[in-house]
Amino acid sequence: MKTEMICIGCPMGCYLTVECDGKTIKNVEGNRCKIGLDYAQKEIINPERTLTSTVKVKSGHLPLVSVRTNQPISKSRIFDVMELLAKVEVQAPVKIGDEIVPNIFDSGVSVVATKNISKKK
Amino acid sequence: MSKIDSRAVDLVVIGGGPAGLAAAISAKKNGINDLVVVERNDWLGGILPQCIHDGFGLEIFKEHLTGPEYAQRYIDEAKELRIPCILNCMVLEISPQKQVFVASPEGLVCFNAKAVILSMGCRERTRGQICIPGTRPAGIYTAGVAQNLINLKNVMVGKNVVILGSGDIGLIMARRLTLEGAKVHAVVEILSHTNGLPRNLQQCLIDYGIPLMLSHTVTRIHGLNRVESVTISKVDEKLKPIKGTQKTIECDTLLLSVGLIPENDLSTTCGVQLNPVTRGAIVNENLESSVPGVFACGNVLHVHDVVDFVTIESEQAGKSAAEYVLGKQKQLERINVQAGNGVCYVLPNSISKNSEIELLFRVLCPKEDASIGFFDGEKLVKTKKFRKVHPAQMIKVKLSKTETTDISELRVELLKK
Amino acid sequence: MNRKSDVMIIGAGVIGCAIARELAKFNIKTVLLEKETDVACGVSKGNSGVLHTGLYYPKGSLKAKLCVEGRLMFPELAKQLDVPYSLCGKHVVARTEEELKDLKDLKAVGEGNGVKGLTIVSGEELKKREPKMDGLYALHSPVAGIFPPYLFAIALAENALNNGVKVHVNTEVLGINQLNNHFEVTTNKGVFYTDIIVNSAGLYADKISSMVGLDNYMLYPCRGEYLILDKKCNGLINSMIYPVPPKVAGVLGVHLTPSPSGNILIGPSAEFINSREDTRTTKEKAQQLIEGAKDLMPSIPLNEIIYGFSAVRSKITPPEEKTSRDFIIQEDLENFINLIGMESPGLTSSPAIAKMVVGMIKQKMDLKPDHDFNPIRKRTIPFREVSRDEQAELIKKDSVYGEIVCRCEHVSKREVLDALNNPISDKTLAAVKYRTRAGMGRCHGGFCLPRIVELLKEEYGLSAKEIKLKSLDSTMFIGKTKDLRADKKDE
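Protein chains in written order, with the working numbering: chain A, 1 to 121; chain L, 1 to 417; chain P, 1 to 491.
Don't read these hints as lab results, they were simulated from the structure.
A few of these clues could be false.
[Said to hold, decoys possible] Mimicking PhoX-like on lysine-lysine, the simulated pairs with C-alpha atoms at most 25 angstroms apart in a straight line are: (1) P/K59 with P/K127; (2) P/K128 with A/K56; (3) P/K457 with A/K119; (4) L/K183 with A/K87; (5) L/K183 with P/K465; (6) P/K107 with P/K128; (7) L/K234 with P/K283; (8) A/K121 with P/K127; (9) P/K166 with P/K232; (10) L/K159 with P/K457; (11) L/K396 with L/K62; (12) L/K247 with A/K42; (13) L/K240 with P/K322; (14) P/K294 with L/K238; (15) L/K388 with A/K2; (16) P/K362 with P/K378; (17) L/K159 with A/K87; (18) P/K101 with P/K79; (19) L/K330 with L/K353; (20) A/K56 with L/K183; (21) P/K247 with P/K322; (22) P/K107 with P/K362; (23) A/K56 with L/K159; (24) A/K75 with A/K56; (25) P/K166 with P/K457; (26) A/K34 with L/K396; (27) L/K62 with A/K75; (28) P/K480 with A/K56; (29) L/K353 with L/K367; (30) L/K159 with A/K34; (31) L/K159 with L/K238; (32) A/K2 with A/K42; (33) P/K232 with P/K247; (34) P/K107 with A/K121; (35) L/K62 with A/K95; (36) L/K240 with P/K59; (37) P/K232 with L/K98.
So here's chain A without its partners, still in its complex pose:
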């Protein structure tokens, strides 16, 4: 079976054609580097994405802090993570790298802050 996909590994965005038999990859075409191969592999077996979003802040100089998953998470769980994050409120101050939600859904992946938020004056 042939699947078309676009590699998201770098700004190049190679258009890949992946030939696979179930979850086994037979051939990958269109990639310019190894990143594309790895991406194709993951995409067939268990597609993952890095999720970025925001989370509410209490008493901060800004009402929201931007966050990211510190590693890619399973694509199928993205909306579950978003639901959870909608209910989170973190107390200022916040520093880049602070763990907002550690080990989300037992995945080993944490949601961390990507912005510094100081306490509101």
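Starting from the known structure of chain A, arrange chains L and P on it as the hints suggest.
Leaving out everything else, chains L and P in the frame of chain A:
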């Protein structure tokens, strides 16, 4: 007695976004201590703090950083280098003598600068500028403004969205809105191809099943008080709507991602000549404009796609400004650089002979297996082959010293096969 | 709230506001009702902003008389009310020899109406005054001027309010009951009582009129669209440029109008439409405006268009009729004064209309002058309009002046706060826009919109859903960023 506070300063950097910060840091490292960065927001980092998605920093840091993280690297460095940054102030005017008038709650200041770096970034093209017919209700936002409102101001613009324009900002916002629970009914693109990065097509549209309607445009907005629907029509090769192809999509929000325009209002006040194609300053390889001692870098010079290149370009501007102030500028013979067939624009617009130069340019149309030719009059002096070229991707080509020695002018062209 | 008044004015367009201000000079109770969230929400804000000479109206008509009177009253009024204007003059351009006759006719009409200073100049003279214009001849009117019509209406209303007139927005008249010697007026905000009603409801004047049984008026909504050029085009023309009027009733033709802000208006178009609410812009008319503009000035930089808008005029002249009907200003019913069909030159005439209406009211009741009447009203000094030294002074005295909220128009936070604190309208984005120009620049709110939203939230405590663009139903946001997810259960 005038209440204007006059201050002499070596360098004023206008804008504390990625361009301004990199330029200021570079100027400091190259010997300028008497400098100031002026920023209109009450934060540094420019547009980056609202760009909460990742994909920044791949070139420079070899990491996938989010916008705020990338900005923080430079904000921290500027702080370490003790570069004065004035926030919440507005530059009103730059005189041709490089007097920079700045208003802030602290007062009106006139910086008498030896050199100025223009790094004001760009603004978004509006509904009014592209003349979309229809009503003028609430619910029409440019993508960048929507991004600011959602990510910084904690307000959600709408529930049922149509996005016009498939450039990166439009694609990123399609995903952002979907993640926060809105329904994005379609991304509508007037061209037959998207100008956004291919990976954004995957991770913003394909991942979420958001339809991309190429060769379509919004031909009417409905709704008296709030957007109620938009009419979409197919367009022909001349980009004109085709009669009878209208479709209505019910929605409460229309997001516009229809182009960025370098913000050169201030540049014109000081007499800087602008290139009508880039809508940014005409510069030489030092990024110096037609006004001696006024430099430009970042999106105000030309719209970039990758912030890492903004940083690299701005570091050059900072270095050049330092050389100018310290009297170290080399006066060399210059040749003009022009965009030929198939090329939208080339930067810089003039280069020094007998020097190693990096040219940046964009093509007009996408092409596979393309050859770019560098001409001196009729003579072809260099060719470079590319697997794929696309208007959305800025191309960089280095010219060596020998390649710039014996030429009297330079033209960059997309060769026909 | 005291719901009794001597005079009730229905409709706070520029004419209603002018009448309110005129009545404020007397010791009577006046109330001004407006169904929108602010004054001047209809055609009063959507017109060319022209102080007309009086060239187009037949001698002896109300239009001719009131236009000339109103124009003569305007400069003094603008000074009292602190409304910016410029007597930039007007050139009506003839492109053919045949059109020269039309110019002569216009000149004769103007002079017959008492207008002084009209001259016909040659093409060469026109070229000297307007280097971008080509024409064989031009009729020059030195007395014509330009001003922001919404600022005028707002100033009139504020001065009226300061002098005791009650102004109620968001108040729609639903029914009028004529009782013994007064009227009982039912609105969506309860019942009001008044002795005299002035119906200046513009586009809805026929509806108000029919509430007292006077339903013989027929209004023909006519939409006018405009395009606005970036203010960097300031100076392309020095005066208003008009073509010779096309032979259509009440239509002046696509003209170019400068404005005190520097923007140039192209328009208006004129299109009879079915629904009076239909304020959209259309592709066809935009095309017509562009062609009309190119026709007048071939070098017009059309790539500098920053916006298009429209407004609907209430005409009483049916589309088939060739000559425009006159204003109707009459007491159709005892103590009920109708103002119907108040199209161009309604704006210019407004001060004179107000005097005329007050004259009619004087016949019916004793109008004793209010000796405390203060004709002066000052607006917040716009930061962009003063010199750099004066700007420095303003900031020293009031640091809030130093925070610039709108980049394109250099609008300070002081002006924005004062606009939001205005005594009449709701706190909407439009209220800020029309009073300060924030959001009218080339980036159309790209920089200032998030700033103003933040201001509304932080300093006025408005929630996301309470922030409106203009009308009560023009909600900007559906809530906070996380609200959609918080409401959703399973995806």
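Check the structure against each numbered hint from earlier and tell me which ones fail, lowest number first.
1, 2, 8, 9, 12, 13, 16, 18, 22, 25, 29, 30, 31, 33, 34, 36
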